[in-house]
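Protein chains in written order, with my numbering: chain A, 31 to 196; chain B, 5 to 292.
There could be a bad hint or two in this list.
To be verified - Lysine to any residue pairs mimicking SDA-like chemistry, simulated, CA-CA at most 20 Å apart:
| id | chain 1 | residue 1 | chain 2 | residue 2 |
| --- | --- | --- | --- | --- |
| 1 | A | Lys37 | B | Arg14 |
| 2 | A | Lys33 | B | Pro15 |
| 3 | B | Lys46 | A | Glu61 |
| 4 | B | Lys46 | A | His57 |
| 5 | A | Lys33 | B | Ala231 |
| 6 | A | Lys185 | A | Glu157 |
| 7 | B | Lys46 | A | Ile70 |
| 8 | A | Lys37 | A | Gln63 |
| 9 | B | Lys46 | A | Cys132 |
Unchecked claim - Pulled from the structure, derived: some chain B residues nowhere near chain A, Cβ distances all over 10 Å:
| id | residue |
| --- | --- |
| 10 | Arg65 |
| 11 | Thr246 |
| 12 | Arg265 |
What the hints assert, rightly or not - Quick list of the computed label-pair ranges, beta carbon to beta carbon:
| id | chain 1 | residue 1 | chain 2 | residue 2 | range |
| --- | --- | --- | --- | --- | --- |
| 13 | A | Val173 | B | Gly239 | 50 to 60 Å |
| 14 | B | Glu30 | A | Gly133 | 40 to 50 Å |
| 15 | B | Leu44 | A | Glu157 | 27 to 37 Å |
| 16 | B | Leu44 | A | Gln131 | 29 to 39 Å |
| 17 | B | Arg192 | A | Gly171 | 11 to 21 Å |
| 18 | A | Gly133 | B | Ala23 | 14 to 24 Å |
| 19 | A | Gly188 | B | Thr9 | 44 to 54 Å |
| 20 | A | Cys169 | B | Asp146 | 53 to 63 Å |
| 21 | A | Thr74 | B | Tyr270 | 19 to 29 Å |
Calculated from the structure, these hints are not laboratory results. Beta carbons: idealized from backbone N, C-alpha and C, even for Gly.
Given next are the chains, with one letter for each unit.
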Amino acid sequence: MTKSHIKVTINGKPVEALVEPRTLLIHFLREQQNLTGAHIGCDTGHCGACTVDMDDMSVKSCMTFAIQADGARITTIEGVANPDGTLSALQEGFRMMHGLQCGYCTPGMILRAHRLLQENPNPTEDEIRTGIAGNLCRCTGYVNIVRAIQYAAAKINGTPFQEAAE
Amino acid sequence: MIPGTFDYHRPTTVESAVALLMKLGEDARPLAGGHSLIPLMKTRLASPEHLVDLSAIEGLRRVEVEGNDVVIGAMTTQHSVITSTVLAELVPILRETALVIADPQIRYKGTIGGNCANGDPGNDMPALMQCLGASYQLTGADGNRLVPARDFYLGAYETALEPGEILTEIRIPVPPAGHGYGYEKLKRKVGDYATAAAAVVITMVSGTCTSASIGLTNVSETPLWAAEAAGILVGSTLDAATVDAAVAAAEAITNPASDMRGPSEYRTKMAGVMLRRALERARTRAIA
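Assemble the whole structure, with the sequences as input and the hints as a guide.
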């Protein structure tokens with residue numbers, strides 16, 4: 031099997047590796063790089079558990095070949111904490127607002143929410159809900175995920191977090 | 005799920021991509037966003053021996069106005085269509101349509117050219133392109149040719165593309181300022197293909213409809229340009245009887261399959277409902 035040489039930057043760290051062209055990015059991350067935070071949920075591009083950030087886009091890594099990422103910058107859940115190791119605003123939001131139960135969807139949710147807040151720092155509830163429409167959660171009913179993202183937006187913007195009315 | 009083995013090519017010019025596709029023949033497939041092809045490869049419904057990735061061809065990502073046309077490079081992503089201020093101003097129905105395609109992640113990768121060239125009757129852009137009177141620039145070994153979207157679709161996954169040809173650009177005549185538009189899509193959930201969908205563009209002068217065009221998505225083997233239905237609207241005030249007649253004419257040309265989205269008769273009726281809603285929205289947006 032012919033392998034190809036790729037160079038990527040993962041969580042700020044340059045990485046060089048040999049991959050088969052058919053190796054999916056999720057398998058490359060999990061099995062060759064031991065970054066098991068991004069999950070394989072449906073394996074069909076529907077659930078979003080495998081979402082990572084690639085060149086400022088939220089990407090489903092089960093629907094992308096690693097070789098397509100040659101030259102790209104990739105951020106996974108392992109790279110989102112603050113440099114001093116404390117939780118990022120989004121991670122803190124998911125913890126404080128109870129935005130997860132089983133946690134399977136959480137890495138994908140946080141990476142997607144990260145890009146959403148980069149593009150729209152002060153989203154409405156509706157914009158959050160359509161913004162995470164490619165990520166499925168089977169536990170929470172999404173209410174606390176929306177709150178978690180609102181919490182993070184408020185923290186990043188330095189504005190007080192308003193609890194949504196019940 | 006792991007695809008079969010293949011060789012990967014990433015040319016940087018259209019010419020080299022065409023040369024590769026010509027040389028490799030039927031064993032090669034062009035790769036755009038990959039969100040139709042890669043799922044097929046994972047389930048082994050497709051097993052190309054070569055993928056020719058078009059993503060490194062810079063010239064295919066442009067959005068520009070040329071004369072009375074807006075020209076969109078084939079590798080322009082749905083996300084770029086949604087965020088383009090030029091398109092939002094000149095052809096806002098593109099944004100409205102792109103927003104109901106798949107989900108945010110897929111729109112970052114999925115391209116307008118892939119959506120139009122794939123020939124999947126479930127794709128949303130083809131009926132819109134027929135509605136807008138767009139043309140596709142196809143590039144092959146002998147250069148470029150321009151094919152109207154209304155002539156491009158021959159059957160499910162069957163298009164006018166010849167072996168080795170790539171859809172490189174989409175050319176859309178800019179609709180008149182003040183036109184009304186609407187894209188209405190019925191789907192079971194986010195990410196689903198349409199049960200039925202309708203694209204409408206109209207112009208109104210003093211309360212009278214002076215031009216109309218209608219495209220229908222996923223209610224036949226190909227997208228449908230509902231010329232007769234649109235013709236019924238022209239010259240009317242879009243009164244109830246005229247709209248009923250146009251909806252009936254549009255429903256009459258549909259031929260949807262019965263599938264998990266519903267029986268054929270239901271999907272035909274839903275095409276009519278989507279047309280009514282798109283038309284109503286277009287009417288409220290048109291500056292008469």
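Hints, one by one, checked against the model:
Among the hinted pairs, Lys37 of chain A with Arg14 of chain B is consistent with the structure: their alpha-carbon atoms are about 15 Å apart, no more than 20 Å. This hinted pair checks out: Lys33 of chain A and Pro15 of chain B have alpha carbons roughly 18 Å apart, not beyond 20 Å. Straight-line distance between C-alpha atoms of Lys46 of chain B and Glu61 of chain A comes to about 18 Å, which keeps the hinted pair within the 20 Å bound. Pair hint Lys46 of chain B plus His57 of chain A holds up; C-alpha atoms about 13 Å apart against a cutoff of 20 Å.
Only pairs whose Cα atoms come within 20 Å are accepted, and Lys33 of chain A paired with Ala231 of chain B is rejected, the gap being roughly 52 Å. For the hint linking Lys185 of chain A to Glu157 of chain A, the alpha-carbon distance of about 18 Å falls within 20 Å, and the restraint holds. Taken as a hint, the Lys46 of chain B and Ile70 of chain A pair is honoured in the structure, with Cα atoms around 14 Å apart against an allowance of 20 Å. Restraint check: the Cα-Cα separation between Lys37 of chain A and Gln63 of chain A comes to about 13 Å, which is no more than 20 Å; the hinted pair holds.
At roughly 27 Å between alpha-carbon atoms, Lys46 of chain B and Cys132 of chain A are farther apart than 20 Å, so this suggested pair is violated. With a closest Cβ-Cβ approach of about 13 Å to chain A, Arg65 of chain B is found to remain outside the 10 Å limit, as its non-interface label requires. Its beta-carbon lying about 35 Å from the closest one in chain A, Thr246 of chain B satisfies the requirement of being farther than 10 Å from that chain. The Cβ of Arg265 of chain B lies farther than 10 Å from every Cβ of chain A, with a closest approach of about 16 Å, so its non-interface assignment holds.
At about 51 Å, the CB distance of Val173 of chain A to Gly239 of chain B agrees with the hint of 50 to 60 Å. Checked against the given bound of 40 to 50 Å, the beta carbons of Glu30 of chain B and Gly133 of chain A, roughly 46 Å apart, stay inside it. The hinted range of 27 to 37 Å is satisfied by Leu44 of chain B and Glu157 of chain A, whose Cβ atoms lie roughly 32 Å apart. At roughly 34 Å, the beta carbons of Leu44 of chain B and Gln131 of chain A sit within the given window of 29 to 39 Å.
For the pair Arg192 of chain B and Gly171 of chain A, the beta carbons lie near 19 Å from each other, so the given range of 11 to 21 Å is met. For the hinted restraint 14 to 24 Å between Gly133 of chain A and Ala23 of chain B, the CB-CB distance of approximately 49 Å leaves it violated. Our hint of 44 to 54 Å for Gly188 of chain A and Thr9 of chain B holds, since their Cβ atoms are close to 52 Å apart. Checking the proposed 53 to 63 Å range against Cys169 of chain A and Asp146 of chain B shows it holds: the Cβ atoms sit about 57 Å from each other.
A beta carbon spacing of about 26 Å between Thr74 of chain A and Tyr270 of chain B agrees with the range 19 to 29 Å that was offered as a hint.
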